[in-house]
Amino acid sequence: MNYRYNIGCSLNNLKGIREFIRTSLKNYDIPELELSAMVLAIDEMCSNLMIHAHHCNPDHKIELCILEPSEGVLVFEIIDDGNVFDINAFTEPKMDNLIHEKRKGGLGIRLVKSIMDKVEYGSKDGKNVCRLTKIYKKDNE
Amino acid sequence: MVQIKRLQEDGIDTLAVIGEIDASSSIELDLSIAKSVGEGFKKILVDCSSLEYISSAGLGVFMSYIEEFKDKGISMVMFGLNEKVANNFSILGLADLLHICSTKEEAKQLVNELSV
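Sequence lines, in order, name chains A and B. Under this note's numbering, the first residue of the first sequence carries the number 1, and numbering increases by one thereafter. Under this note's numbering, the first residue of the second sequence carries the number 1, and numbering increases by one thereafter.
Bear in mind the hints are in silico, worked out from the structure with no lab data behind them. Heads up, a few of these hints could be off.
Below, a sample of chain A positions facing chain B; criterion: calculated Cβ distance under 8 angstroms [said to hold, decoys possible]:
no., residue
1, 11
2, 14
3, 107
Stretch by stretch, here's where chain B covers chain A in the computed footprint (C-beta under 8 angstroms, at least three residues) [stated by the list, open to error]:
no., region
4, 32–38
5, 109–120
Yeah, the Cβ is synthetic: ideal placement off N, Cα and C, and Gly gets one too.
Please construct the entire structure, taking both the sequences and the accompanying hints into account.
Have a look at this one:
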């Protein structure tokens, strides 16, 4: 399997990203809660990238690919050519601090790290590639 | 896209959140809560029975009010979350920081108890 989706960096396109993931994975017997969590993690990654690396410029494009390197393993690749936004380089803010500072951001990174099994960064053909790996159990197992 | 309908009865402001809240629409939620606070409501219910999706942008809005609500003696109770939405709150441990009930009746009772 190899699904690809090209999107302009507008936050209005996040819904399209969520639908693309659901449509691509609808026949994979992924338990609904797990699938929803994956959709959430990719939404978080893409919105972070759109906001922080592309300043929501709809002319800037990012590409999302979904791969299944082996049974029960999904890899989501997010490819772009903006500044690298490496979530591994950020320490997750403590919940207490977020509440105290009344901050609305900072939760997305925490969500992605909780949901995904691995988040790696690399480059391919001069572009940034963020690879998010998720190991899941099929519904019928 | 999200739509928020407000209904006031018995001194309680109920915000019915309809649709999906992500980074493009969380501002709507923020504005509605701010409006309710600005109008002086001390009891706020959030009806999530038609909330289909919430990302960190929306979760962050709820979280950003925790302190202000404490300072101003405002109680907020959410109800009717579907399993997927509730799971997003749980992953972050937010379910323990916010008041969440199953039904409107329970939520109403709790918001009244909390504001005593």
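Verification of the hints:
no., hint, verdict
1, 11, "holds, 4 angstroms"
2, 14, "holds, 5 angstroms"
3, 107, "holds, 4 angstroms"
4, 32–38, "holds (count 4)"
5, 109–120, "holds (count 4)"
Checked against the numbered hints given earlier, the structure satisfies every one of them.
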